[in-house]
Amino acid sequence: MTAACPACVALPEPARGGRVAADLVLHLPDIHCAACIAGVEETLNALPGVREARVNLTLKRALVASGGIDADVMIDALARAGHRAQRFDPALLGGQDSSDRDLLLRMGVSGFAMMNVMLLSVAVWSGAAATTAHLFHLIAAMIAVPAVAYSGRPFFASALGALSARRLNMDVPISLAIVLALGVSVAGAFLGHDRAGWFDAALALTFFLLIGRYLDHRGRSSARSAAAELAALEAPQALRVEEGGDVVVRAADLLPGEIIRVRPGDRLPVDGIILEGATDLDRSALTGESQPEAASAGDTVAAGEVTLTGPLLIRTIRAGADTSLRRLADLVAAAETQKSRYAGLADRAAKIYAPVVHILGAAAFVLWMYLTAGDGWRSLDVAISVLVITCPCALGLAVPAVSTVTTSRLFRKGLLVKSSTALERLAEVDMVVFDKTGTLTTGRMRLETELGDADLALAAGLAMGSAHPVSRAICDAAAARGIAPLELSDIREIPGKGVCANQGGREIRLGRADWIGATGATALQRADESHVTITLGEDLRSDAEDTVARLRAAGLPVVLLSGDAPEPVARLAETLGIDDAHARMSPEEKARWIEKATARGARPLMVGDGLNDTGSLALAHASIAPSSALDAARNAADLVLLSDKLGPVADAIAAARQAKTRMKENIGLAVLYNLVSIPIAFAGLATPFIAAIAMSTSSVTVSLNAARGRE
Amino acid sequence: MNVLVFLIPVSVGLGLLGLGAFVWTIARGQYDDPEGARQRPLDGRYDDAPKR
Numbered sequence: 001m002t003a004a005c006p007a008c009v010a011l012p013e014p015a016r017g018g019r020v021a022a023d024l025v026l027h028l029p030d031i032h033c034a035a036c037i038a039g040v041e042e043t044l045n046a047l048p049g050v051r052e053a054r055v056n057l058t059l060k061r062a063l064v065a066s067g068g069i070d071a072d073v074m075i076d077a078l079a080r081a082g083h084r085a086q087r088f089d090p091a092l093l094g095g096q097d098s099s100d101r102d103l104l105l106r107m108g109v110s111g112f113a114m115m116n117v118m119l120l121s122v123a124v125w126s127g128a129a130a131t132t133a134h135l136f137h138l139i140a141a142m143i144a145v146p147a148v149a150y151s152g153r154p155f156f157a158s159a160l161g162a163l164s165a166r167r168l169n170m171d172v173p174i175s176l177a178i179v180l181a182l183g184v185s186v187a188g189a190f191l192g193h194d195r196a197g198w199f200d201a202a203l204a205l206t207f208f209l210l211i212g213r214y215l216d217h218r219g220r221s222s223a224r225s226a227a228a229e230l231a232a233l234e235a236p237q238a239l240r241v242e243e244g245g246d247v248v249v250r251a252a253d254l255l256p257g258e259i260i261r262v263r264p265g266d267r268l269p270v271d272g273i274i275l276e277g278a279t280d281l282d283r284s285a286l287t288g289e290s291q292p293e294a295a296s297a298g299d300t301v302a303a304g305e306v307t308l309t310g311p312l313l314i315r316t317i318r319a320g321a322d323t324s325l326r327r328l329a330d331l332v333a334a335a336e337t338q339k340s341r342y343a344g345l346a347d348r349a350a351k352i353y354a355p356v357v358h359i360l361g362a363a364a365f366v367l368w369m370y371l372t373a374g375d376g377w378r379s380l381d382v383a384i385s386v387l388v389i390t391c392p393c394a395l396g397l398a399v400p401a402v403s404t405v406t407t408s409r410l411f412r413k414g415l416l417v418k419s420s421t422a423l424e425r426l427a428e429v430d431m432v433v434f435d436k437t438g439t440l441t442t443g444r445m446r447l448e449t450e451l452g453d454a455d456l457a458l459a460a461g462l463a464m465g466s467a468h469p470v471s472r473a474i475c476d477a478a479a480a481r482g483i484a485p486l487e488l489s490d491i492r493e494i495p496g497k498g499v500c501a502n503q504g505g506r507e508i509r510l511g512r513a514d515w516i517g518a519t520g521a522t523a524l525q526r527a528d529e530s531h532v533t534i535t536l537g538e539d540l541r542s543d544a545e546d547t548v549a550r551l552r553a554a555g556l557p558v559v560l561l562s563g564d565a566p567e568p569v570a571r572l573a574e575t576l577g578i579d580d581a582h583a584r585m586s587p588e589e590k591a592r593w594i595e596k597a598t599a600r601g602a603r604p605l606m607v608g609d610g611l612n613d614t615g616s617l618a619l620a621h622a623s624i625a626p627s628s629a630l631d632a633a634r635n636a637a638d639l640v641l642l643s644d645k646l647g648p649v650a651d652a653i654a655a656a657r658q659a660k661t662r663m664k665e666n667i668g669l670a671v672l673y674n675l676v677s678i679p680i681a682f683a684g685l686a687t688p689f690i691a692a693i694a695m696s697t698s699s700v701t702v703s704l705n706a707a708r709g710r711e
Numbered sequence: 001m002n003v004l005v006f007l008i009p010v011s012v013g014l015g016l017l018g019l020g021a022f023v024w025t026i027a028r029g030q031y032d033d034p035e036g037a038r039q040r041p042l043d044g045r046y047d048d049a050p051k052r
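Residue numbers (UniProt numbering), protein chains in the order written: chain A, 1 to 711; chain B, 1 to 52.
Errors might be hidden in some of the hints.
Quick look at which bits of chain A chain B covers, simulated, 3 or more residues with Cβ under 8 Å [to be verified]: (1) 53 to 63; (2) 101 to 113; (3) 132 to 144.
Derived by calculation from the structure, the hints in this document are not laboratory data.
Glycine is no exception: its CB is placed at the ideal position from the N, C-alpha and C atoms.
Let the sequences and hints guide you as you build the complete structure.
Structure below.
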């Protein structure tokens, strides 16, 4: 609905009776069943000192009362038991579900009050005598007035907020209907009018609308907390070099001029200059380039790059929010505002609906004043019945119910929906744009040369201690063929060149071809000084081919935009059957390509993981990032893939299209119900009884339609 | 008529009782982990004796 967030004041967190407060949160991405819960809880509770550990399967978290035990000890223990675990930064979490609970409580209050008042109303409807009816009305008023005052507050607050900003949102007619219905009924009860009261209608209205609001809010907050979780997972840290030794600090707290130490395999937390050391830098996150680049003292480096082979001392130039991310920040910010202007189906429906409701209510009042020659109470009654009946119980549920169902279905398939309008935008995409490195490929390398067993054992022996992607690929290949790495002595890694070692008094080498004197990119030099060229390919995601084929079968053209060199891009495009592939695209070019496509009227879905994709992710009509993506890319994306597979991309589009159809069906149902009921209300035939039945049936119909076909 | 004197407070009281129970379940965090609640009955750890 249009209400941004009900300005409800959060209740204080209720104390959990008798439970030990958890002070540590672990993220357990792989747990899914009762055995996992038991395994994790037993492992953690068996650790000496841990007071209590409880798993929350819905959030895939473990809450631990640690008793001073270090998180790393727990993570190691869990790893031995076969569960992957990561630590959350508690500062980035916490206090998220309080307004969720608040809405739930309001829902409960209005629900129970509604049932009680309904019970009293049934007596009146079935013909209670005058005094009894009067008494019942008074009792109903006693229950309904405080209940509505409490549970209707999210609507009243949002309506007041809209009115004071001179806008009209859906909460204005809702509040008007509730307040008018209640006011007239209270007046009637005290004045002893022999007329039907609207207490149950006011409460039912509040109750059903709160359900919709709750679903909507829950969907949003779960997406928000999941995004916060992803951010909390990799709160970047840095090793600051100080006189007394190295200190671990948060990367955001670093200042320009400070010197940090970076170990091989670390992602650089800042922009800076290398003071000491040489290494190979993996720049794929920033440029999409799949080949590492050599760097040594004096070279500038940027945050987001990964040092592979050598330790470095770096002087910070820019840290935190000032890093090279800023280059893309303007692009992203502009695109974000554009995106937030996207009006969802519910918003568009509400925009038409809100004025119509007011006009109809006023028209009914004027008409009946004229017809009854000035009977104000009777006219007000009809006007209220029109307001109550047209009030969008079903409309309020139509969209949130569907998106809740679809979002949770996608979550089970390994997709996190971050934005509330993401599903609707995803349903509209008509082309899919992929990034290469880290998206279609895993970002790791794969050995393509068929090395002999002896060569592979030799190469693996050299590669064993190195974090360079080439070394990792060689070790993986050796492990896959069951070949044990050769034991070598005196292994040294020479950053920017490769690895060398001693075998029987002669030097053997693995590294850049020009260092060894061979052709190609990488080579191995044996002890007899002969050498062999090694070619490496990129490791394609296991279902990339299948996913691209499925997308094409669904009639969506697939495009490849990569920052990498033309040759690997062309090779990959051929493997996957993509005709439209572009290489050597800078981040700005990628963003411009997306803009141009949008200007042509296309609605691209961007799937990418690097900083170089951030701009295009934000500009595209909808966007997906894998969970291995950088922070900034995940923030810019509407959906995040939680598994290593690409298949959910195709699933998500199908699910989003289905969801959009459902939403339209639901809005259609709500409109249909209004077409039938408004004339009845206008004719003055709608009693509170009829209103109650109509409201319930339409709400239930819409919810059932949303949940239809749930597997 | 007289019977209403008892029945109405009883009916309202029952409603309040239900509301109280609902508030209690929220405070105890019983809606925090619906997925876990679905799986925990299959867990055999507390079959012989309940958790302390």
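Hints, one by one, checked against the model:
1. 53 to 63: It holds, with 5 qualifying residues against the three required.
2. 101 to 113: holds (count 7)
3. 132 to 144: As far as the stretch 132 to 144 of chain A goes, the hint holds, because 4 residues have Cβ atoms under 8 Å from chain B.
In summary, this structure violates none of the numbered hints.
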